[in-house]
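Turn these sequences into a full structure, and let the hints steer you where they fit.
Heads up: the sequence shown begins at 39 in the numbering used here, then just goes up one per residue.
Rather than coming from a laboratory, the hints here were simulated on the basis of the structure. Beta carbons: idealized from backbone N, C-alpha and C, even for Gly. The reader is advised that the hints may include incorrect statements.
Stated by the list, open to error - Here are the computed distance ranges between Cβ atoms for each label pair: (1) Ala169 - Arg135: 17 to 27 Å; (2) Arg64 - Tyr97: 41 to 51 Å; (3) Thr45 - Val119: 17 to 27 Å; (4) Gly208 - Arg67: 32 to 42 Å; (5) Trp123 - Gly208: 17 to 27 Å; (6) Pro142 - Ala112: 19 to 29 Å; (7) Glu145 - Ala201: 19 to 29 Å; (8) Arg135 - Arg66: 14 to 24 Å; (9) Thr45 - Ala98: 22 to 32 Å; (10) Tyr97 - Arg132: 44 to 54 Å; (11) Arg132 - Arg70: 18 to 28 Å.
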Amino acid sequence: MKFSTSTRQMIEREHGWCLVANAWGRHRRVHRYFATVSRLGDGVFWYGLMALSVLIDGYAGLLASTHMAATGLAALILYTVLKRWTRRPRPCARDRRIQALVPPLDEFSFPSGHTLHAVAFTIVALAYYPALSWVLVPFAASVAVSRVVLGLHYPSDVLAATAVGTVLAGLSLHLIGG
39 MKFSTSTRQM IEREHGWCLV ANAWGRHRRV HRYFATVSRL GDGVFWYGLM
89 ALSVLIDGYA GLLASTHMAA TGLAALILYT VLKRWTRRPR PCARDRRIQA
139 LVPPLDEFSF PSGHTLHAVA FTIVALAYYP ALSWVLVPFA ASVAVSRVVL
189 GLHYPSDVLA ATAVGTVLAG LSLHLIGG
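Structural data, given as structure tokens:
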């Protein structure tokens, strides 16, 4: 795929960061942590949070969970469209020195779907349960970092996904009057 000059320059700047982060991710404990976080970020963590909120908080938890699920569906549609439109190759596909330390879920890197979901879910969940910030914010940040460490995304994929997830969650909260 042909990229604009500015996009190529951005990819080159980020390339060095990707090499360093990916090398760091090959250390056993670092790999284990970020691979686990990434796996939980596939949905397991968020589905568990939604189920737990219903079990603990009843109808109010059902409302929170429904809001998170609807926002998650919007995030899925949005990042799928963006990935198909941009078709940006993953760092591990561009440079053999960067290893995909977990299997990618799809072919393209921009934006990071894991990060977009983590940010959107976290913001919506915190609107209902602000006391969970001590666990949700570090988890979402770990998901975002994991994507670069595991060789699947450039930092700009993660930053863009953070911005998109923030806007999406904000719009979602605004629509329901939260």
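Results of checking the hints against the structure:
1. Separated by about 43 Å at the C-beta atoms, alanine 169 and arginine 135 break the suggested range of 17 to 27 Å.
2. With their beta carbons about 47 Å apart, arginine 64 and tyrosine 97 fall inside the hinted range of 41 to 51 Å.
3. The beta-carbon spacing between threonine 45 and valine 119, approximately 18 Å, falls within the hinted interval of 17 to 27 Å.
4. One distance hint, 32 to 42 Å for the beta-carbon pair glycine 208 and arginine 67, holds here, with the actual separation near 36 Å.
5. Taking 17 to 27 Å as the suggested C-beta distance range, the pair tryptophan 123 and glycine 208 conforms, at roughly 22 Å.
6. Take proline 142 and alanine 112: their Cβ atoms lie about 22 Å apart, and the range 19 to 29 Å holds.
7. In this structure the supplied range 19 to 29 Å holds for glutamate 145 paired with alanine 201, their Cβ-Cβ distance being about 22 Å.
8. A hinted range of 14 to 24 Å holds for the C-beta pair arginine 135 and arginine 66, which are about 19 Å apart.
9. Between threonine 45 and alanine 98 the CB atoms are about 45 Å apart, so this pair departs from the stated range of 22 to 32 Å.
10. A beta carbon spacing of about 49 Å between tyrosine 97 and arginine 132 agrees with the range 44 to 54 Å that was offered as a hint.
11. For the hinted restraint 18 to 28 Å between arginine 132 and arginine 70, the CB-CB distance of approximately 26 Å keeps it satisfied.
When held up to the earlier numbered hints, the structure conflicts with 1, 9 and fits the remainder.
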